[in-house]
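Take the given structure of chain A and dock chain B to it, following the hints.
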Amino acid sequence: MIELQRLKRLSLWKVSEVSHPGGIMFQTSSMSLLLLLFAGSISCVSMEFKPLRIDRYSQEKDVIVFRVQLSDPAKPQEYRQWSRDRIILEGLDSENPFFPGTLVYEVHVVFHDGRNRLATVRWMRSDPPTGVLEHRSTFVHSARGGFRR
Amino acid sequence: MNCIRLLLLLMLVPLVSGCGLFFRNTIETSSARFWSNSSPEEIRSQVEIANSIIEEYRVLFPEVSPEVLRPEILYQEEPLSRQSIFTEDTRQEGYYLPALDLVHLKPRRPRGGEDDRTVFLHELAHHFLISGYPDTASRYWLNEGFACSLEISFFDESGALVTPLFNPRLYQEARQLRRELGESGFIDTVQTLVSANWIGFHRGAEKMNRYAVSWALFWFLLDSASGSLEERLAAIVSLDDSAILSQLPKFSRSLTVGIETRLRELVSKPELRRWALKEWLSVPWPDGRQLRSILEKEVQAHPADPTAWKMLARLANRPQRRLSSRDRIALHTRIRDELQIGTTAVKIAICEQISEGARTRRYNTVLIDLLEDNDGEIRAAAAKAIARLSRKPTITSPDFWKNAPAEKRQAEVLEWREWLTD
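Going down the list, the protein sequences come from chains A and B. Using our numbering, you'd call the opening residue of the first sequence number 1 and step up by one each time. Using our numbering, you'd call the opening residue of the second sequence number 1 and step up by one each time.
In isolation and in its complexed conformation, chain A is listed as follows (with noise of 0.2 Å):
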C-alpha cells in the first residue's frame, strides 16, 4: 500500500514537471481549460507506468535482477527514474535483501510487456566503491530497432 502510493505520488510529480516545461506556468484562466487538457492527456502517459507484476532475484552474490511487467511502453526518463526510486526504496545502496553483508555491485532492470523487451536499466557501483549505486545506461528498446544515417 506504501508502495502504492508513493508511486502514485512519484506518477504526479512526473506531470507537474512535464506540464510545465522551463518553469513557464499557464496562469491566465483563458488557457485553465487547455491546461485541464493538456494534463490529463500527459496523467495518461505516467499512469501507463504501473508495473504488472515486478520479480526481483539474485543473479549474483551482489547483483540484483529485477523484472518489471508494464502494459505499454513509457517514457525514456521514467524507467531511470522508477529504478532509482525502487533502489532507495529497497534501501540497496547500503543494503544486501539475498545476501545481507554482500555490497550490492550492480542492479539490471529489465522492462517488459510480457512479450518485447522495453527498456534495461542498469545501476552500478563504481571503482573504487562510492556509498551509492550510479546509472551507467538506460537503453530503451525499440521493436523495429536499427540506426541509421
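Keep in mind that a hint or two might mislead.
[Said to hold, decoys possible] Among chain A residues calculated to face chain B with C-beta under 8 Å, some are:
1. K61
2. P76
3. R80
4. T102
5. L103
6. R125
7. D127
8. P128
9. P129
10. F139
11. V140
It is worth saying that the hints were derived from the structure and are not from the lab. Quick reminder that beta carbons are idealized off the backbone N, C-alpha and C, glycines included.
For chain B alone, coordinates are given in the frame of chain A:
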C-alpha cells in the same frame, strides 16, 4: 505581405548569426569548426577523432584535398544521451549538407565509442566526395556506396587510417537481397537505384537495402579498377549510368561468393589480417576448423599477444560455430593451459572472452585457482568469467577481488572449491 517578410527575416537570422545562435560552444581546429552544447572537455575525444579522420582523408585523397573546405561540424547530443539514456530507434545519427559544408552528428549511443567513429567516417566521406567531385551530389548510390566503404575504416597502432573498404555487414545484406529477389529482380532493383532521385533513394522501408546494394555496387566497381584509392574513385565517378548498367550482370554474379571466402582473401593482407579475423569471428556459423587453423598460427607467431589469444578464446567459447566436438575439446584444453601459463594480459584477455555460451566445465578448476592469484586484476577477471560460466552465485565486484581482506576472499574461494567437489 508583412507575414512573408517576417518569415523571411526569421529564416535569415540563423544564416546571418551562424550556428552560434543554437550552440553554446565553438571549438576551432585546423581541420574543422565544431559547434556543440556539450563542453569542450566533454567532446574532446570526438574532436580528436574527427580531426584525425579529416587529416587522414586528406592523405588518402591528395588530388581533391585542396578542393575540400574545412567543414562545420555540429555535434548535438540529445538531452537524453547526456543522461546516458539511449533509444534504439531509427532516427538519423548524422547527415551532411553539401551547400553549407556542414556535418550534423546526433549521437544516440554511448559517447566516444566505435559508433561515433563510424558516423564521423561516413559523414566526412560525403564531404570529401562532394567537395572533390561536385557532380556526384545527386548520384545518391555513389555517395552512400563510397561513405559505407569508408565507414568501416579504423586507426592502426601507429595512428594511420586503415581502409578495408569491404563492409561485411552490407555484403551479407546485399547477398540476402539477391537471394530473395532472384537474379533478374535484383538487377532491376539496382537499375532503379542507380537513377534514383533523393526521395526515391531515401524514402521508404527499403532504405537500408539501398545502402547495402549501393555499397556492394561501389565495392564491385572499385575492385574492378586499378591504381590508388583516389584513382579508382576517379574512374568510378567518370562512369556514366549506361556504363555502370552494362556491368550489372557481372556485379550480380560477384555476390554469389560467400562472405567467408571474401574475408579469407582479406586475411592474407597483413594490414587487414586482424580486422578480417575479427569480422570472420562475427559471421553466423563460421567455419570453425578453418578459423582455428589460422588463429592457432596467429598465437604461435605472437604468443604474448592478448588480442591473438582473445580471438582464439572467442572461437572456443562462442556458440554456433562449425567445429567438431574433438576440435572443440582440443581448443578448450589449449585455452585452459594458457590460463595457467600465460602472461597477465593474456589471462585477463581470455577471461573476458569466457561467456555463458562456452558450455564447458574445463575452465572451472583453473578459474578457481586464478581467484587466488597474486594479481588483483586477474582475480577480478576470473571472478567475472566463472560467474558467467556457472550458475552458482558469487561476488563479481572487482573491488572485492582486488581489495577485500584475504580471509574474506578465501571464504569465497572455499565455497567454490566445495562446489567443485560436489
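Results for each hint:
no., hint, in the structure
1, K61, "holds (5 Å)"
2, P76, "holds (5 Å)"
3, R80, "holds (6 Å)"
4, T102, "holds (6 Å)"
5, L103, "holds (7 Å)"
6, R125, "holds (7 Å)"
7, D127, "holds (6 Å)"
8, P128, "holds (6 Å)"
9, P129, "holds (5 Å)"
10, F139, "holds (5 Å)"
11, V140, "holds (4 Å)"
Comparing the model with each numbered hint stated earlier shows that all of them hold.
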